[in-house]
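Number of protein chains: 2
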Amino acid sequence: MADINRQWLINGNPRGRALSEDDFKYNEAALEPLVDGQVRVRTQYLSFDPSQKGQMENVSGYASGNEVGDVMGARGIGTVVESRADGIEEGFLVSGPLGWQEFSTHAGRTLEILEDDGFLTAHLGPLGGTGLTAYFGLLRIGRPEPGDTVVVSGAAGAVGSITGQIAKLMGCRAVGTAGGAEKCAWLVDELGYDAAIDYKNEKVKARLRETCPDGINVFFDNVGGPVLNDALAVIAPFARVVICGGISRYEQETLPPGPPNYFNIVFRQATMQGFLLIAYASEFATARKRLRGWIADGKIVYKEDVQEGFENIPATLLRLFSGANKGKQLLKL
Amino acid sequence: MADINRQWLINGNPRGRALSEDDFKYNEAALEPLVDGQVRVRTQYLSFDPSQKGQMENVSGYASGNEVGDVMGARGIGTVVESRADGIEEGFLVSGPLGWQEFSTHAGRTLEILEDDGFLTAHLGPLGGTGLTAYFGLLRIGRPEPGDTVVVSGAAGAVGSITGQIAKLMGCRAVGTAGGAEKCAWLVDELGYDAAIDYKNEKVKARLRETCPDGINVFFDNVGGPVLNDALAVIAPFARVVICGGISRYEQETLPPGPPNYFNIVFRQATMQGFLLIAYASEFATARKRLRGWIADGKIVYKEDVQEGFENIPATLLRLFSGANKGKQLLKL
Chain A
4 MADINRQWLI NGNPRGRALS EDDFKYNEAA LEPLVDGQVR VRTQYLSFDP SQKGQMENVS
64 GYASGNEVGD VMGARGIGTV VESRADGIEE GFLVSGPLGW QEFSTHAGRT LEILEDDGFL
124 TAHLGPLGGT GLTAYFGLLR IGRPEPGDTV VVSGAAGAVG SITGQIAKLM GCRAVGTAGG
184 AEKCAWLVDE LGYDAAIDYK NEKVKARLRE TCPDGINVFF DNVGGPVLND ALAVIAPFAR
244 VVICGGISRY EQETLPPGPP NYFNIVFRQA TMQGFLLIAY ASEFATARKR LRGWIADGKI
304 VYKEDVQEGF ENIPATLLRL FSGANKGKQL LKL
Chain B
4 MADINRQWLI NGNPRGRALS EDDFKYNEAA LEPLVDGQVR VRTQYLSFDP SQKGQMENVS
64 GYASGNEVGD VMGARGIGTV VESRADGIEE GFLVSGPLGW QEFSTHAGRT LEILEDDGFL
124 TAHLGPLGGT GLTAYFGLLR IGRPEPGDTV VVSGAAGAVG SITGQIAKLM GCRAVGTAGG
184 AEKCAWLVDE LGYDAAIDYK NEKVKARLRE TCPDGINVFF DNVGGPVLND ALAVIAPFAR
244 VVICGGISRY EQETLPPGPP NYFNIVFRQA TMQGFLLIAY ASEFATARKR LRGWIADGKI
304 VYKEDVQEGF ENIPATLLRL FSGANKGKQL LKL
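Residue numbers (my numbering), protein chains in the order written: chain A, 4 to 336; chain B, 4 to 336.
Incorrect hints may appear among the rest.
No more than 20 Å apart at the CA atoms, straight line, and that leaves these computed lysine to any residue pairs for SDA-like [claimed, not checked]:
hint	chain 1	residue 1	chain 2	residue 2
1	B	K335	B	R322
2	A	K208	B	L258
3	B	K208	A	L258
4	B	K208	A	T257
5	A	K206	A	A184
6	B	K208	A	P260
7	A	K56	A	R20
Coverage of chain A stretches by chain B, computed from C-beta distances (three or more under 8 Å per stretch; other residues unrestricted) [unchecked claim]:
hint	region
8	9-23
9	278-285
Which residues of chain B face chain A? A few of them, derived with a C-beta cut under 7 Å, are [claimed, not checked]:
hint	residue
10	L258
11	P260
12	G261
13	Y265
14	V269
15	T274
16	M275
17	G277
18	P317
19	A318
Treat the hints as calculated values from the structure; they're not laboratory data.
Quick reminder that beta carbons are idealized off the backbone N, C-alpha and C, glycines included.
Only chain A is shown next, with the shape it has when bound in the complex:
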């Protein structure tokens, strides 16, 4: 085993601006010997998520911040290369907060042990945080009923693509917004969305009215900004608006205005609600089992965009923010 660990460190705070590759800095660190209870993992796959930028910004919010000089945080899947922890052996596949580095050291109990059952990388997507976010956000906050019209913004993204499919399998109509004809075709042809709206080339509010003639019962928002405002204009009585994400807000210098149509929640007796996934931790195992069953049955499909190579890690996070990824953004080391 190498005794040098290659890493990417945080080198800047991107608050109020777009990320750049200069926000990260290459580093080499010595690997220290393990102590009792510790495990060393070689990274195989890294997951890329919009919330990583939020974490770098160190604003109170989702997660504990990461400071300049820290190894960039990231979830990943890896192989145990050395273990001094009970119940974890060399060769085990695990997922956990591996970070942007070739090797990472953990207290054994902080890692989740995985089976290589053909769904390995799904543990960073539909069986990981993004799938669970779709599951609990839609079911617990959106509370859809069969026959409801569920609209998902960012519907081709890692969370949105799962959200629409869960809505479909429970008897809802699903309408998604995405950028570009290719993503929209994927929503309808592969994921079973009833309609897709190309926000880059179509008038979103008019298309929402057209595709949701009885109004929107559940709006699951991953984007914020104009699409949230347009959806608020088209909500049905007693609608539930799930605020899951706001990727449109991430690169703005100052906090952008909220949706002028927010007051429509009075006229429509509607609810806007936010949530944090961690609130449902006690139910993750049940949710994963159901999601896994739906994947095995072909009721939920997913797509991965797997980049490769240690040197491409920073560019892959930028790729996610550019919207170039097609499916869940991963990188294989």
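Given chain A, work out where chain B should sit, using these hints.
Below, chain B without anything else, positioned relative to chain A:
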């Protein structure tokens, strides 16, 4: 009885601007004979509410619009001067949609028969729509628990003043915002609010942080605009934000931006919800009985600002929007 009915008609649509007295026009109309089932009422008191401007604007929303040339709509209390309806006799006191006129004609069943029990005008305030709005908005949408901190904007208004008192009698802390030292003193000294914030002379966000050290559990918003945004910055985990009104929005030319801090409902796992009073119609009787009991016990106090004179009706609605009223705005004919 006079055979001429003096009235104020709608003469303009104030959408996107402040009301003016020119939006109303004096009129005299002949009183037609009653037909079977009808009742004629002489107006004694008229109620003034912010939603009346919204109704004049004829935008989809709260209520069916009123057109230019119609008698201006208003709730009121009056005396039956002639009846051809079963169960309603001359001399009965009634409340209903009397409008800005000396006499009004109604199908008997559309009127509510009142007792003159010393709380007569309360039926236009704490026992009427404003009290019921406070009751259902706070209890059903805000869902406060004893020990919670409940913040009310427009706390010296007809709805806000009742909201804070219900919060207090169920064991919550109550903090109100109002304009001016006199209103703020009234909140604390007479209504039992724990603290009041003078939005005209104090920094609202800093004062909210000071008076709500554990965060806001329930924010009951009658105002919208900056105070809603400031409150969203100070909400506690799992807070409920009740969108009841938005008087700050009524005189703006274009739809003002929503609150930039709306995204804080994600970090705080919070809920923003609107409601329409009519949803609770089946429970109005129960709520009125409770409110009446609290008033009789001195647990809820209320203040009325009673203007006088038919000729002063339009100016009294403008008075409400100027914030000059001290308590529920009424006019006695």
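(request) Would you check whether Y265(B) satisfies its interface hint, that is, whether its CB is within less than 7 Å of any CB in chain A? (result) holds, 4 Å
(request) Below or equal to 20 Å on CA atoms is what counts here, so check K56(A) against R20(A). (result) Since the Cα atoms of K56(A) and R20(A) sit roughly 10 Å apart, the hinted pair holds (cutoff 20 Å).
(message) Next item in the hint list is A318(B). Is there a CB on chain A closer than 7 Å to its CB?
(response) Violated, because the Cβ-Cβ distance from A318(B) to chain A comes to roughly 28 Å (cut-off 7 Å).
(message) With the threshold set at 20 Å, check whether the alpha-carbon distance from K208(B) to P260(A) stays at or below it.
(response) holds, 17 Å
(request) Mind taking a look at whether chain B covers the region 9-23 of chain A? Criterion is 3 or more residues with CB to CB distance under 8 Å. (result) Result for this restraint: violated, n = 0.
(message) Would the hint linking K208(A) and L258(B) be met if the CA-CA limit is 20 Å?
(response) Distance of about 16 Å is within 20 Å: holds.
(request) For the hint on P260(B), just tell me whether its beta-carbon gets within less than 7 Å of chain A. (result) Holds - the Cβ of P260(B) comes within 7 Å of chain A, reaching about 3 Å at its closest.
(request) Please verify that hint: G261(B), Cβ, nearest Cβ of chain A, below 7 Å or not. (result) Nearest chain A Cβ about 3 Å off; hint holds.
(message) Checking one constraint from the list: CA of K335(B) to CA of R322(B), max 20 Å. Satisfied?
(response) Measuring from Cα to Cα gives roughly 15 Å; hence the hint holds.
(message) Please check whether T274(B) passes as an interface residue: C-beta within 7 Å of a C-beta belonging to chain A.
(response) holds, 4 Å
(request) With chain A as the partner, please determine if M275(B) meets the hint condition of a C-beta pair closer than 7 Å. (result) holds, 4 Å
(message) Min Cβ distance, L258(B) to chain A: is it shorter than 7 Å?
(response) holds, 4 Å
Hints 8, 18, 19, counting from the list given before, are not met by this structure.
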